[in-house]
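J.: Please arrange chain V with the ligand on chain S, whose structure you already have, making use of the hints.
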Amino acid sequence: MTSYAITVFGTDRPGIVATITSTLAESGANIEDTSMTLLQGHFAMTLIAQIEIDAQALEAKLATALGEDLTVSVSKVRPDQTTGALGTSYVLTVQGGDKPGIVAAVTKIIAKHQGNITDLTTRLSQSLYLLVAEVSLPTGINLEAINSELVNVGKDFGIALHLTLVEEDVL
Amino acid sequence: MLERVELAMPTLPTGTLLKTVAAPNQALSSLCAEVDPKDSNILQLAADLITTMHANKGCVGLAANQVGRAVRVFALDVSNHPKTTKSHGLFVLINPEIVSSSRNEKSREGCLSVPDFTGDVKRATQLTITGYLPGSDSQITIETQGFEAKAIGHEIDHLNGYLFLDRVAGAHAIFPRKRYL
Ligand SMILES: [Zn+2]
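From first to last, the protein sequence lines are chains S and V.
Our numbering numbers the first residue of the first sequence as 1 and each following residue consecutively.
Our numbering numbers the first residue of the second sequence as 1001 and each following residue consecutively.
Simulated from the structure, these hints should not be mistaken for laboratory data.
Warning: the hint list may mix true and false statements.
[As the list claims (entries may be wrong)] Label-pair restraints from in silico Cβ distances:
#: 1; chain 1: V; residue 1: Q1139; chain 2: S; residue 2: N152; range: 55 to 65 Å
#: 2; chain 1: S; residue 1: L130; chain 2: V; residue 2: R1103; range: 24 to 34 Å
#: 3; chain 1: S; residue 1: K112; chain 2: V; residue 2: T1130; range: 53 to 63 Å
[As the list claims (entries may be wrong)] With a cut-off of at most 30 Å between alpha-carbon atoms, the simulated DSSO-like pairs for lysine-lysine come out as follows:
#: 4; chain 1: V; residue 1: K1038; chain 2: V; residue 2: K1106
#: 5; chain 1: V; residue 1: K1178; chain 2: S; residue 2: K76
#: 6; chain 1: S; residue 1: K108; chain 2: V; residue 2: K1178
Since we're looking at a predicted model, the values are computed, not measured.
A virtual CB, placed ideally from N, CA and C, is assigned to each residue, including glycine.
Isolated chain S (complex conformation) (with noise of 0.2 Å):
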C-alpha cells in the first residue's frame, strides 16, 4: 500500500464528500487524514489516503464520477510524514480591513521565530479580513520579542493582532 494525496476542488453542491469516498471505498483505499472546507464558496478538500491501485487510475476514475465541475489530482506522498507535535501550541488571531501582505507579513514574523504554523483558516468578507493560525513555537521562546514584532505589524496594517497560549489539560 502507498500513500497518495488527493486534493478536489471547484464548483461546491450536495454530495461532493459522498461521491469521493464511494469511489476510494470502490477502490480499496483507506482514508488517513482529510480537511475539508469551503472558500470563497468553492468546494476544497484534501485527503491522504492508502491505495492499492494506480494513481492514474483513480484520477481518472474521480473525475469521472466528479464530473467537469471539479478538479481532481492524486500524487503520491512519503508515507508517515508526522513530524511530531513539538513545542507549545499558541492560537495567532487577526483582524482588521483587508490590505494586501497582511497574510506574508505576519507569517514572516512567525517562521523567522522558527514557528510552525500547524492549521490555518483565512477568511474575507466585505472589508472585513480574519485569520486564525494554531502555531507551534519552540519551547521556551522569546515570545515578548515575537509579540512586539506582531504589535509593529499591527500597527503598520492598521489591524487587531493576538498570540494566545493554548494549554492543554490531561483531564
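T.: Just chain V with the ligand now, kept in the frame of chain S:
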C-alpha cells in the same frame, strides 16, 4: 486563592497498578453500571484507581472504564493543579450524578485514553453533583467550580461512554497532542 473542602474518604486497601485502555477500546464507549458503594470489590477498585492515577504523570482523574471496568466509579485529585480554585482533595466517587451545571467554558483538553489528540471542549465551570464515597451508603453532594468542575465533567462523561472526542467544538477542534522532549 484555593478553597479546600475535605471529604470523609475512608482508609482503603492497598492499591494495585492497573493497565489502562486506550480508544477505540469498547469499554470507553460503554455506559457504566451503578454499583454498591459498600462492595469490597469496589473498595479495592477505588484503591486501584488512585494508585493507577498517581502512576500516570499529570493525570488528575481516572474513571473505572479507563482500566476496563464498566462501573460508575471515578478517582479525582486536582489539588496540585495550578488552575484549581476549589478542590475536594483526593477522592473516589461512586454512582455520581449531575444535579446542576452551568457557566460553560471552552478549553483544550486531553485524556490518558486518547494519547495522540487533544480537543477544544466546552465544560461547565459551576457544577453540583451527588454520589457515594467508598464504603458508605449515605449520599453526599459536591459543589464545585472552575478546573475541578471541568475535570469532574470529563470523568462523568467517561462513565456515560463519552470521550472528549465526542464533545469537540467543531470540525477544526481536534489537534495532535503535544509531545515534550
Ligand atoms: Zn479521560
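J.: Next step is simple, just say for each hint if it's right about the structure.
T.: Consistency of the hints with the structure:
One distance hint, 55 to 65 Å for the beta-carbon pair Q1139(V) and N152(S), holds here, with the actual separation near 59 Å. The supplied range of 24 to 34 Å is met by L130(S) and R1103(V), whose beta-carbon atoms lie about 27 Å from each other. A C-beta distance of roughly 54 Å is found between K112(S) and T1130(V), which places it inside the suggested range of 53 to 63 Å. For the suggested pair K1038(V) and K1106(V), the alpha carbons sit about 37 Å apart, so the restraint of at most 30 Å is broken.
Restraint check: the Cα-Cα separation between K1178(V) and K76(S) comes to about 27 Å, which is no more than 30 Å; the hinted pair holds. With a C-alpha separation of about 23 Å, the suggested pair K108(S) and K1178(V) falls inside the 30 Å cut-off, and the hint holds.
Hint check: a violation occurs at hint 4 only; the rest are consistent with the structure.
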